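S.K.: Listed below are the residues making up each chain.
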Amino acid sequence: MSHVDQELRPPLVLGDKSLGDITDDIAAPMAATPSTLWWVGFGIAFSALVLGVVAVSYQIAVGIGTWGLNRTVGWAFDITNFVFWVGIGHAGTLISAVLFLFRQKWRTAVNRSAEAMTIFAVMCAGIFPLIHMGRPWLFFWTLPYPNYRGPLWVNFKSPLLWDVFAISTYLLISAVFWYVGLIPDLATMRDRTQPGLKRSIFSFLSLGWNGSARTWHHYETVYMLLAGLATPLVFSVHTIVSMDFATAVIPGWHTTIFPPYFVAGAIFSGLAMVLTLMLIARKTMRLEDYITVSHVDRMCKLMLAMGCIVGLAYCTEFFIAAYSGNAYEQFLFRNRALGPFSWAFLTMFSCNVIIPQVLWFRAVRRNLFAVFAVAIVVNIGMWFERFVIIVTSLHRDFLPSSWSYYIPTSIEVATLIGSFGLFFTCFLLFCRVAPAIAMAEVKGVAQVKKPESLRIPQPEEAVA
Amino acid sequence: MNGLGFLSGSQARLFTLAAVVGAVLVALTVPLSSTHAWGNLLIASVYLTTLGLGGAMFVAFGYVTGAGWNVAFRRVPEAMAVTLVVCGVISVGVLALGMHNYAWHAHGEAGTLWFKQMWLSPQFWLVRAVGYLALWSVLSLLIVSVSRRQDRVGGTRLTIANGKLSALFLAVSAVTFSLACFDWLMALTPMWYSTVFAAYQFAGMMQATLATMILIGLALRAPGRPLHGVFTTEHLHDLAKLLLGFSCFWMYLWFSQFMLIWYTDIPEEVAFFVPRESGAWGAVTGMNIFLNWLLPFFVLLPRPSKRSGKIAARVAGAVLLGRWLDLYWIVIPALHQAHPESGSPLVGVAEAGSILLVLGLFTLLVSRTFGKANPVPRQDPLLEESLHYHL
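So the protein sequences, as listed, match chains P and U.
Mapped onto the working numbering, the consecutive letters of the first sequence carry residue numbers 480 to 943.
Mapped onto the working numbering, the consecutive letters of the second sequence carry residue numbers 3 to 393.
It is worth saying that the hints were derived from the structure and are not from the lab.
Because the structure is a prediction, the values reported are computed rather than measured.
Note that CB positions come from ideal geometry on N, CA and C, so glycine has one too.
One or more of the hints may lead you astray.
[Said to hold, decoys possible] Partial chain P-side listing against chain U, Cβ under 7 Å, derived:
no., residue
1, Glu-486
2, Leu-487
3, His-733
4, Thr-734
5, Pro-739
6, Leu-791
7, Thr-795
8, Glu-796
9, Ile-799
10, Ala-806
11, Gln-809
12, Asn-846
[What the hints assert, rightly or not] Cross-link-like lysine to any residue pairs, in silico, SDA-like; alpha carbons within 20 Å at most:
no., chain 1, residue 1, chain 2, residue 2
13, P, Lys-780, P, Gln-583
14, U, Lys-243, P, Glu-699
15, P, Lys-636, U, Phe-260
16, P, Lys-584, P, Trp-688
17, U, Lys-243, P, Phe-581
18, U, Lys-374, U, Arg-227
19, U, Lys-166, P, Leu-766
20, P, Lys-584, P, Pro-489
21, U, Lys-243, P, Tyr-702
22, U, Lys-166, U, Val-148
23, P, Lys-584, U, Val-148
24, P, Lys-496, P, Leu-766
25, P, Lys-636, U, Val-272
26, P, Lys-584, U, Trp-71
27, P, Lys-636, P, Pro-608
28, P, Lys-636, U, Tyr-265
29, U, Lys-118, P, Cys-794
30, P, Lys-780, U, Lys-166
31, U, Lys-243, P, Leu-491
32, P, Lys-584, U, Leu-389
33, P, Lys-780, U, Leu-170
34, U, Lys-374, U, Trp-194
35, U, Lys-166, P, Leu-487
36, P, Lys-636, U, Phe-257
37, U, Lys-243, P, Arg-488
38, U, Lys-166, P, Asp-776
39, U, Lys-166, P, Phe-840
40, U, Lys-166, P, Ala-842
Using the sequences and the hints given, assemble the complete structure.
M.R.: Written as structure tokens, this is what we have:
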């Protein structure tokens, strides 16, 4: 069996660690003072965030006329960024809930930070529709409750309202899931900290965790139930985002494949972002023994599968447009590939479909520089996918006299940069205050070294 | 085991009788409406082919994901995959026989339809069908033969080799299965189109495949049968979980297709749903949803029912009937529109015939192919893991 274990079931934690080593390794970056590298990253991220705050303040003060939208292209950068960030937010729950239900033990190395990433990404996503409202301080009008404004009710038939429900539910459940998963680790941190404020905070947040079998039993039941609840949510959120488009009668937006295709695309982009962050984190936080090359290999396989599904969906759309015999569908897809925005289409197609095909090769999946490059390319490609869907479908509508082009303004670009600033600022802070890897879960899947006194000779050893 | 596989002589005679009676019943209705009779043959052939393809895909998914749990009973989906060879030949015959039932000839005008006319030209259409079925059969046979060779050779090398082969097979069949669904089922309503159609058929195919594996696994785990002590309650539990998942996936895709078409109300798109939502067809639509989602979802949700052979078997039976009804719901109204004489959703002699034909033929084929190899992949390096895992 042993040669099989090595080849088909590579160890999930390298370096022959004991349970104590695992805690020490993962908790180390939180106790040490931040490295220069961390400060540099934080400086860049925070500057971007400040730029974003300035840009958002300006556009709220002046109005969304500061955007490059026009009568023909009524949605562009804002909704592209919104869908991009919501998509990024899918990998966290996929890894923690769906892969949990599929008993994929390797998920333990990445689930914690992927979940944190989910929450930050959904926060970034929320900015854009909020600003697009024009008067964001009236956001509570999107919630249905008896009121004195008429009464004026929300439009329950609108997918935009379904978005409000779906995304807020998703954010809530993801946050709860993340927090519940953190509890045992927070207790570990409590026990490692000297009495004082820090310890009080950890103690408060760990809800009196005592590590007894009873506590673990409750914890595991809750975790399982939350995983079961979160799994349909992974599907529902991007399904409903896709319906923002697919319930319209606009060629390029209205197509029945949108729900599963958006979900696959979201998972694809989320995995790319997880890989981007993890490859940096494993290097800077010295987590090479926990996020191993074989973890990266598996994530690449998953990313390749998702990329192929997305590619099949692109091709299906083109095929059905040709097959349908519908002149408007045919024009739209010809215009998408060959029209004024063909540069965006080509970027999308090569980044999402062609370049990720290199992941078929094991050598590429195990070359971390190559994987990092592919992950960046996919991030770019998936941003362009949303841009292509939104802008190319709108800019040449049914009335040729209103055809136009779209160019983003500097304010829009600054807002996008600001959202990246918010995301990375939150992520870098998270790495400082909470264990970036789920220690308790990693201990459950690691083949730990037992202290000599506790070792029981194995039968075959005894014979030998 | 004898040459009949896991069936005894009398059981084999019974299933042969079912297949023959089924074929005769369908043949008897030809004078009444040859279109209707052919529709039922098409349902039977698509049903059979996708059970084989589904089995092959299940095996391939196992290899690609490095799964261990499914190894112990892998010979069941492998046997299903091998039936593709015979079922593929039957499908080509049925498709060739009924080419005239695809009504694209009626839409003669060129213009924006040039691609459709080229794509659905009868010769090209039939050649493609042969191509899809040949590709599926060859690749699945290769995967199965590598798996069987491992029984003699052992080691991990062949597991890894089959992982690569399976990835290739899945990539090829994702594209060809999409096109086959468009060609064989969607094109029955020639002016209708839906991009999600193939994904929705994939969900239905996997549902029926899992239900079939549950039934065969349960039948073979009794004392004295080939999978006694091998197909455990844990395997049943996992298969039932997957069936529950794929039922939800099927409903998700069915609903996505329906809701988006209903919401936008574009004439050429709603043309598919309008004849299927009123009168007796409305009841068939409801029954389709009941058998494929409502029933499996609510019954299989609690843990004990997934671990109970009795309950899981009944749900699996209902899902297999649901799969037949789903195909019926797609095929017959489409033929009815083009040929009004082909009738209402009367489940009559031809329908009974097509169900008996599928049941008899598939059981005979799968039993025979199962008998041709060791019932358990005894040298697979992951066999131990599969035999001794607990949920």
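S.K.: Going back to the hint list, which numbers does this structure go against?
M.R.: Hint check: 12, 16, 19, 23, 31, 34, 37 fail, others pass.
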